[in-house]
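Visitor: Here are the chains, one letter per residue:
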Amino acid sequence: MAHTQEHHHEHHKETFISKYIFSMDHKMIAKQYLITGMIMALIAALLSLLFRLQLGWPENTFPWLETLLGDWGKGGRLDPNFYLALVTLHGTLMVFFVLTAGLSGTFSNLLIPLQIGARDMASPFLNMVSYWLFFCSSVIMLISLFIESGPASAGWTIYPPLSALPQAIPGSGLGMTLWLISMTLFIASSLMGSLNYITTILNLRTPGMRMTRMPLTIWSFLTTSILGVLSFPVLLAAAVLLIFDRSFGTSFYLSDIFIAGEVLNRNGGSPILFQHLFWFLGHPEVYIVLMPALGITSEVIATNARKPIFGYRAMIGSLIGISVLSFVVWGHHMFITGMNPFLGNVFMILTLIIAVPSAVKTFNYLATLWRGNIRFTPAMLFAIGLVSLFISGGLTGLYLGNAALDINLHDTYFVVAHFHLVMGSAAMFGMLAGVYHWYPRMFGTLMNEKLGYLHFWLTFAAVYMVFFPMHFMGLDGVPRRYYNFTGFEWMQEWGDLNKFISISAILGTAAQLIFIWNFYYSIKKGKKSPQNPWQSNTLEWTAPIEERMHGNWPGDIPHVHRWPYDYSVPGAPQDFIPQTVKDDDLPEEIRQGKVKPAPEHAGTPASETVADKLLFSRFINLFGFKKA
Amino acid sequence: MAEMAGPRRTERRKFAVEPIEFLMWAFMVSVFMIFAGFTSGYIVRKGDGNWLAFTLPTAFLLSTALVVLSSIAMQWTFSQAKKNELGKVKTGMVITLLLGLGFVGAQLLAYSQLVNIGLFLNGNPSVSFLYVITFIHALHMVSAIIALIVIFAQAFRFQVHSKKLMGIRLVTIFWHFLGILWIYLYGFFYFMN
Numbered sequence: 001m002a003h004t005q006e007h008h009h010e011h012h013k014e015t016f017i018s019k020y021i022f023s024m025d026h027k028m029i030a031k032q033y034l035i036t037g038m039i040m041a042l043i044a045a046l047l048s049l050l051f052r053l054q055l056g057w058p059e060n061t062f063p064w065l066e067t068l069l070g071d072w073g074k075g076g077r078l079d080p081n082f083y084l085a086l087v088t089l090h091g092t093l094m095v096f097f098v099l100t101a102g103l104s105g106t107f108s109n110l111l112i113p114l115q116i117g118a119r120d121m122a123s124p125f126l127n128m129v130s131y132w133l134f135f136c137s138s139v140i141m142l143i144s145l146f147i148e149s150g151p152a153s154a155g156w157t158i159y160p161p162l163s164a165l166p167q168a169i170p171g172s173g174l175g176m177t178l179w180l181i182s183m184t185l186f187i188a189s190s191l192m193g194s195l196n197y198i199t200t201i202l203n204l205r206t207p208g209m210r211m212t213r214m215p216l217t218i219w220s221f222l223t224t225s226i227l228g229v230l231s232f233p234v235l236l237a238a239a240v241l242l243i244f245d246r247s248f249g250t251s252f253y254l255s256d257i258f259i260a261g262e263v264l265n266r267n268g269g270s271p272i273l274f275q276h277l278f279w280f281l282g283h284p285e286v287y288i289v290l291m292p293a294l295g296i297t298s299e300v301i302a303t304n305a306r307k308p309i310f311g312y313r314a315m316i317g318s319l320i321g322i323s324v325l326s327f328v329v330w331g332h333h334m335f336i337t338g339m340n341p342f343l344g345n346v347f348m349i350l351t352l353i354i355a356v357p358s359a360v361k362t363f364n365y366l367a368t369l370w371r372g373n374i375r376f377t378p379a380m381l382f383a384i385g386l387v388s389l390f391i392s393g394g395l396t397g398l399y400l401g402n403a404a405l406d407i408n409l410h411d412t413y414f415v416v417a418h419f420h421l422v423m424g425s426a427a428m429f430g431m432l433a434g435v436y437h438w439y440p441r442m443f444g445t446l447m448n449e450k451l452g453y454l455h456f457w458l459t460f461a462a463v464y465m466v467f468f469p470m471h472f473m474g475l476d477g478v479p480r481r482y483y484n485f486t487g488f489e490w491m492q493e494w495g496d497l498n499k500f501i502s503i504s505a506i507l508g509t510a511a512q513l514i515f516i517w518n519f520y521y522s523i524k525k526g527k528k529s530p531q532n533p534w535q536s537n538t539l540e541w542t543a544p545i546e547e548r549m550h551g552n553w554p555g556d557i558p559h560v561h562r563w564p565y566d567y568s569v570p571g572a573p574q575d576f577i578p579q580t581v582k583d584d585d586l587p588e589e590i591r592q593g594k595v596k597p598a599p600e601h602a603g604t605p606a607s608e609t610v611a612d613k614l615l616f617s618r619f620i621n622l623f624g625f626k627k628a
Numbered sequence: 001m002a003e004m005a006g007p008r009r010t011e012r013r014k015f016a017v018e019p020i021e022f023l024m025w026a027f028m029v030s031v032f033m034i035f036a037g038f039t040s041g042y043i044v045r046k047g048d049g050n051w052l053a054f055t056l057p058t059a060f061l062l063s064t065a066l067v068v069l070s071s072i073a074m075q076w077t078f079s080q081a082k083k084n085e086l087g088k089v090k091t092g093m094v095i096t097l098l099l100g101l102g103f104v105g106a107q108l109l110a111y112s113q114l115v116n117i118g119l120f121l122n123g124n125p126s127v128s129f130l131y132v133i134t135f136i137h138a139l140h141m142v143s144a145i146i147a148l149i150v151i152f153a154q155a156f157r158f159q160v161h162s163k164k165l166m167g168i169r170l171v172t173i174f175w176h177f178l179g180i181l182w183i184y185l186y187g188f189f190y191f192m193n
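If you're matching them up, the sequences are chains A and B in order.
Quick note on numbering: the numbering used here labels position 25 of the first sequence as 25, and the sequence is numbered without any gaps.
Quick note on numbering: the numbering used here labels position 78 of the second sequence as 78, and the sequence is numbered without any gaps.
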């Protein structure tokens with residue numbers, strides 16, 4: 001072995017550019033995605049603060065707005081057109097640039113090769129191109145903030161005619177063109193990434209890594225990538241038709257339109273067609289955002305509960321179920337388009353069926369936590385936070401999936417509350433859980449735990465304070481995307497609540513600064529991490545974390561002999577058995593399954609009662625007062 | 001100085017499908033989804049009425065014939081590469097290239113036939129769909145032609161032979177795919193119009 005190792009340890013000269021910029025190492029590309037994603041998240045959050053300022057204090061003037069925004073903040077008031085641009089850009093950046101590219105790009109790149117035992121992606125070159133296309137598309141999207149007519153303003157769903165007629169509103173002009181160029185590059189980047197992930201997972205697994213031995217993270221990245229490959233091209237098709245409508249005078253989405261008293265020479269188009277094509281991507285996109293977060297949560301919860309994940313195969317089944325169903329439910333975004341009620345019913349039933357795999361996942365998380373020897377690391381808190389948000393946001397999905405209720409609630413704050421909880425915040429929590437958990441894998445150091453707890457509790461509180469009250473506004477019929485509500489008497493009563501939401505949003509964003517500081521500070525100054533800081537079974541912790549080499553393992557790639565969730569196996573010398581351990585190396589009794597779970601082996605002190613565990617002793621740890 | 005290990009030769013494994021070829025198949029699935037999106041949009045829009053029916057340009061028959069012939073030529077070229085008949089490989093590539101260019105030309109001819117009978121891109125959506133879908137297909141064809149030129153250049157450097165088939169294999173697969181895709185599209189227009 002030593003001979004072959006020496007033979008193949010070639011020393012390549014790495015320049016700054018080949019190592020940090022045009023890197024083909026999946027670990028470096030993951031960091032590039034993460035840091036770009038974090039910057040985009042911060043920008044998107046700041047944009048949301050600007051419009052929350054308007055919604056919270058519609059009557060006040062803020063002179064500094066004019067200094068900051070120029071014409072868009074004239075007289076200290078936010079320009080209504082710019083308000084629409086802010087809403088649009090906030091949604092676009094968060095959904096695509098942060099929670100699609102930032103989340104999948106980071107963790108698929110980091111974990112796929114490491115957890116399946118591969119040296120790198122199937123095509124490292126394509127991987128690099130994918131990141132740089134994403135980078136270009138991010139830059140183009142941000143450039144639209146600096147043009148005279150402002151960024152795209154038709155909402156992140158860019159419904160025509162606002163998106164199809166350059167003369168419709170200021171944001172329909174150059175801003176919309178830049179949006180389309182940026183998104184075309186984004187789709188190309190996302191497709192390259194997804195194709196690479198699928199190929200790598202299916203072809204480059206190390207010997208012994210059967211599909212049913214893969215960590216659930218990898219399963220979730222696989223189903224996510226399959227959704228991406230099947231749905232993003234349809235958005236591309238929709239965008240191509242839109243570009244033709246905007247620039248070449250076709251009428252795919254436009255029909256008999258008067259604008260400023262002038263009749264446009266368009267006929268025969270249907271704006272509903274765009275909605276069909278858009279939501280055929282748009283709905284799977286929701287799961288492209290959420291599933292990686294669910295995969296990360298599975299891994300973090302099992303590791304930190306020191307228990308095998310409950311229902312491993314059911315977890316895989318539900319991921320596949322969610323993926324399949326996500327393609328046949330897009331119509332629930334369109335109940336009020338005058339759709340045939342029979343068709344509406346079909347979409348409704350299919351939509352409600354998604355509750356089944358979602359509930360399977362939720363109960364499996366809870367069952368994994370049940371009687372576990374829980375370690376409340378910051379990552380674990382965020383993972384549990386995800387479960388909480390997934391439940392509270394998911395339940396309102398049952399309301400909105402019902403056509404009869406949706407027709408009332410459509411385009412109200414109820415919808416805003418629903419998707420921010422179940423898709424936005426839940427996915428963000430999954431991403432944060434992933435960052436805290438795999439930070440040592442990326443940088444070789446640990447993030448500060450105390451700051452992590454502070455970050456979690458502030459974020460968790462802020463998320464509920466911001467989005468929970470919105471349900472009530474929505475039930476009262478307050479519409480989303482409105483610039484202000486002062487003109488409607490019946491909406492006046494929500495003014496104070498809007499202030500509360502805005503203050504909470506500022507608090508929540510401020511809490512992210514703690515995270516960002518912790519993140520950058522810990523890269524150099526953080527505590528050195530042990531090789532396997534969370535005592536996890538998966539392969540990424542077998543590759544040296546001190547020296548993060550291209551190729552991952554200095555010697556041969558590790559072979560796999562078991563599934564990744566052998567935690568607290570009765571009779572085992574430790575409470576975890578890494579995937580690389582052979583059965584032959586385990587004591588005879590374990591192999592024959594003769595050992596009965598004894599309290600000390602399950603990792604639970606016998607004196608602790610269930611009530612103790614659930615309510616008191618562990619609860620104290622939540623606040624980080626006691627070492628977990 | 002960090003070490004760059006990279007994938008090692010000793011770890012080369014036998015694959016049922018080479019990863020790069022698998023990637024090509026997955027890529028073709030995503031390309032197909034673009035056209036599935038277009039043709040579904042076509043069906044949905046047609047259901048709304050205000051739909052102009054017209055006869056398809058006859059040049060499409062020519063392009064269909066050319067795309068079939070080019071696929072045959074491509075396959076022949078591939079089989080010659082397997083047999084190390086390097087001269088015939090180059091000949092086959094030239095023939096395929098010409099047929100491919102002929103296909104794109106036939107599409108342009110079809111556009112001019114449409115224009116001659118007064119059917120423009122910015123007319124009824126039934127016509128616009130035809131233009132846009134065939135245009136996007138032709139763009140893919142152009143990308144395949146560029147790929148073919150790249151391996152044509154490789155063939156001159158003796159880089160295409162029985163021990164180095166992956167490049168030509170990928171181009172051949174993609175070429176057949178675009179041919180089949182065209183036949184699907186033509187059939188779709190024929191029966192839907």
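Hints listed in this document are in silico derivations from the structure and should not be mistaken for laboratory results.
Among the hints, erroneous ones may be present.
What the hints assert, rightly or not - For each label pair, taking beta carbons as the anchor points, the in silico distance ranges come out as:
(1) F258(A) with S40(B): 27 to 33 Å
(2) V324(A) with T91(B): 54 to 60 Å
(3) Q167(A) with F156(B): 35 to 41 Å
(4) I72(B) with R481(A): 38 to 44 Å
(5) N345(A) with S40(B): 58 to 64 Å
As the list claims (entries may be wrong) - No more than 35 Å apart at the CA atoms, straight line, and that leaves these computed lysine-lysine pairs for DSBU-like:
(6) K163(B) with K524(A)
(7) K499(A) with K19(A)
(8) K450(A) with K524(A)
(9) K163(B) with K90(B)
(10) K90(B) with K19(A)
(11) K19(A) with K31(A)
All C-beta atoms, glycine included, are put in the ideal place defined by N, C-alpha and C.
Visitor: Would the hint linking K90(B) and K19(A) be met if the CA-CA limit is 35 Å?
Guide: Judged against 35 Å, a Cα distance of about 40 Å means the pair is violated.
Visitor: Next pair to validate is K499(A) with K19(A); report whether the Cα-Cα distance is within 35 Å.
Guide: violated, 47 Å
Visitor: Hey, K163(B) versus K524(A), does the alpha-carbon distance stay inside 35 Å?
Guide: Given that 35 Å is the threshold and the Cα spacing comes to 49 Å, the pair is violated.
Visitor: Under the criterion that the straight-line Cα-Cα distance not exceed 35 Å, is the pair K19(A), K31(A) satisfied?
Guide: holds, 12 Å
Visitor: Is the gap between the beta carbons of I72(B) and R481(A) within 38 to 44 Å?
Guide: Taking Cβ atoms as reference, I72(B) and R481(A) lie about 56 Å apart, which means the hint is violated.
Visitor: Take the C-alpha atoms of K163(B) and K90(B), compute the straight-line distance between them, and say whether it is at most 35 Å.
Guide: holds, 17 Å
Visitor: Determine whether the Cβ-Cβ distance between V324(A) and T91(B) falls within the hinted range of 54 to 60 Å.
Guide: violated, 48 Å
Visitor: For F258(A) and S40(B), compare the CB-CB distance with the range 27 to 33 Å and indicate the outcome.
Guide: Holds: the Cβ-Cβ distance is about 30 Å, inside 27 to 33 Å.
Visitor: Just to be careful, I want the Cα atoms of K450(A) and K524(A) compared with a cutoff of 35 Å; is the pair within it?
Guide: Satisfied, since the Cα-Cα distance of roughly 18 Å is no more than 35 Å.
Visitor: Against the range 58 to 64 Å, how does the distance between the Cβ atoms of N345(A) and S40(B) compare: consistent or not?
Guide: Check failed, 21 Å falls outside 58 to 64 Å.
Visitor: Starting from the range 35 to 41 Å, see whether the pair Q167(A) and F156(B) falls in it by beta-carbon distance.
Guide: 53 Å Cβ-Cβ, so the 35 to 41 Å window is violated.
Against the hints set out earlier in the document, violations occur for numbers 2, 3, 4, 5, 6, 7 and 10.
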